[in-house]
Amino acid sequence: MSDHGSGPRALTDPAADLTDVFAFPAPGRPQHLVIVMDVFSRAGPSAVFSDAVIYRFRLRRARVAASGPDAAFAVDDDEVAFDFTFDVPEESDTARPLQRGHCRTPSGAAVSFYVNGEKGASGPGVRVFAGRRSDPFCLDVRAIEKTIATGRIAFAKVGSDTLYGTNVLSIVLELEWAKLLDGGPMFAVVCETLRAGPRPVRFERLGRPEIKNVTLSVKMFDPVNRDLEIRDLYNSEDAFALTPDYVGAYRARFNANLSFYDRLDGRIDWPLDAGGNHPLTRLLLADFLVIDASKPFQEMSYFEIEHAMLAARPHATAGGRWLNEDVMDSLFTLYINGGNGPRIDDGVASPIAWSSTVFPYLAPPNPPQVTAS
Amino acid sequence: MIVVTHGAIALRNLQAQIDGLEPVAVSPEARIAERVQLIELLALRGLILGSVADYERAQELAHELVRNATTQAPAFLARACTRALFHRFADALDDLDVAERLGANAETVDREHAAVLQGLGRYAEASAIREEDARRCPSFESLGALATLCAESGDTERALRMHAESVRRYRGVSPLPLAVLDFQFGVMWMHHGELDRARDHLIAAHHYVPAYAAAQGHLAEVEAELGNTETAIVLLHPLALSSDDPDYAAQLASILADAGGTEDSSYWRQLAAARYDKLVALHPEAFADHAAEFWLGAGADPAKALRLARVNFANRRTPRAQALLSRAVAADAMDHKGGRQPGRETAYFGVTALES
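The listed protein sequences derive, respectively, from chains D and F. Counting along the first sequence from 1, when you hit position 332 you're at 332 in the numbering used here, and nothing is skipped either side. Counting along the second sequence from 1, when you hit position 118 you're at 118 in the numbering used here, and nothing is skipped either side.
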């Protein structure tokens, strides 16, 4: 699943478990950028945000540093961060608790709001929302597991959405990028959950979808660390400054697993370089969403900037990631045939509810499902 | 103190996890991982809220899982855990053997094995596994498990060192693991008669998770022992009302009787007696010890207590089981001689049936 339950530690507190990050230009309002952070997979009606967690959005200016086989981004050292924190619900015993949240902007301004308040709240250059919404992600986990176990593409024509009808806790940050981000228009975006306190400790970080689960969790192809659950370590890293000591371990896992996916159609679309590195490893190790805020909103744009870089051509879209994009198809197409063949269809084309182009974008929560016992 | 999620939020979110997962996990298409997760969440809620019903549901789901997935190691691991919850240690060991044969991760099996051996009072064997686990992977979980084992086997000095080391390594934001660890240390100090130290740990556990039934119940016992009867009653009353574990009603009956509240005491005593009888019939291994404690104390039926103490001792030969049997034998002998019935001083509350 995208980043749902991405490691043993993530499973210990669902309210700190990042499930997805999205970044896209506000539809019809190009001066606004929208970033969405989802946590808490399969959030039941009583789910609330943790009062001990800082939900952080980090943005840095980025640019294309190299194209072609050595494609890479250059990311500034300076960054802006938006921190969201939440109080203990005022009526913690009721079915619908009243929980207050606070967004601290880079200038130090605070915007307070109530969770699940449909209109959110506004401050200088920002509009925010937090609450329980329909999970916009969809995939067929069984088919992926079967693919990995058998070494053959096992997607059915009509798959079964593992997350059908489920909900998450979402935080939506809409900001006037030219006013608040000092430059641009290309930005690298990472979301994090951190344990609050005098010295906040990173719990999870998330940029691209399915890096930790689909791409890194499988151990058996890794020639170096075949028994290492690498995701907790990976989660604890600063996405913009990986610890040099561990980069080799991540690289080995990426190389091994990306090569496995490339072999699935019986053809090699991503030949390894002389050092045994997969051509995507370097780009994916830069695990953040990159968005070009000067481009208009578009439904399908995930990894388009990176594709363009690899092909040494200018990118055409905003990149980033829109809520309704069937990113699993995009991802498998990228990994399996590199776009040289037909689009890989995992059999699940859409979530139960489409997100809208109107704030707060994500569909309202799905009603409780009937227990099938 | 470590910054962790407020206990009320943690409990709400545990409920939200169960509500969100249950429709998926009980469907025929459910993946084994989802079903195992639901079993674990129900067991966790049972532990925190003192809910026998949650344990029973977890066990039922685990049985069903094994029936539907006879070649899957995680199914047997899950059932081993639920069987251990109900003190069915021999059955739990059988499940662990099957899980191992089916290719379960050896370290996971070892950890579960250690938990069962600890429940059986085979501390040396459990210790060998826990020590190795803590050496190989020193984490909050492995050191906490070793600390708890040291506490239970009487090595308080080492237990305290391991406790401190374990907490130092805690990287999570959930208060539940910390609350459980503090609770276990509260119980350790109760066993040693160090009531003030026990109270400190139990208050900490209660602070982490205000709805933690066992912490509140044991805190009540400590308060009663310290002479703070009113405080004990205030702590126990809501538990006796809400929990389907009869230990709280039994304890309340005992304290009320001591305080002269005969009528109220009788109500809670009858409630506890009926509930113990039902639970002993359903889960004899799990409830024999606490039912025996009850019949030795507020229940005032030494013969019944002796029968149950024997059942308990046959199931696990821990020092506590032996001590209980000795007390039951003495009380029964005294009863036959026409001596006085045992009073509240023998009604040791101990760890609630499903936590010991």
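Some hints could be false.
[Unchecked claim] Taking CB as the label site, the calculated pair distances span:
1. F:I203 x D:P244: 44 to 50 angstroms
2. F:E131 x D:E229: 19 to 25 angstroms
3. D:P244 x F:G193: 52 to 58 angstroms
4. F:A281 x D:T243: 55 to 61 angstroms
5. D:R142 x F:L160: 33 to 39 angstroms
[To be verified] On the chain F side, residues computed to face chain D include the following (Cβ under 10 angstroms):
6. R12
7. Q15
8. I18
9. P23
10. E29
11. R31
12. V66
13. R67
14. T71
15. D200
16. A204
By construction, these hints were calculated from the structure, which means they are not laboratory data. For each residue, glycine too, the CB sits at the ideal point set by N, CA and C.
Consistency of the hints with the structure:
1. F:I203 x D:P244: 44 to 50 angstroms: Check passed, 45 angstroms falls within 44 to 50 angstroms.
2. F:E131 x D:E229: 19 to 25 angstroms: Between E131 of chain F and E229 of chain D, where Cβ atoms are some 22 angstroms apart, the hint holds.
3. D:P244 x F:G193: 52 to 58 angstroms: This hint holds: roughly 54 angstroms between Cβ atoms.
4. F:A281 x D:T243: 55 to 61 angstroms: 58 angstroms Cβ-Cβ, so the 55 to 61 angstroms window holds.
5. D:R142 x F:L160: 33 to 39 angstroms: violated, 47 angstroms
6. R12: holds, 5 angstroms
7. Q15: Hint on Q15 of chain F: holds, closest Cβ of chain D at ~5 angstroms, below 10 angstroms.
8. I18: holds, 7 angstroms
9. P23: Check passed: Cβ of P23 of chain F comes within 4 angstroms of chain D, closer than 10 angstroms.
10. E29: holds, 7 angstroms
11. R31: holds, 7 angstroms
12. V66: Result: violated, 17 angstroms to nearest chain D Cβ.
13. R67: Violated, because the Cβ-Cβ distance from R67 of chain F to chain D comes to roughly 14 angstroms (cut-off 10 angstroms).
14. T71: Hint on T71 of chain F: violated, closest Cβ of chain D at ~14 angstroms, above 10 angstroms.
15. D200: Nearest chain D Cβ about 22 angstroms off; hint violated.
16. A204: Constraint on A204 of chain F not satisfied, violated at 16 angstroms.
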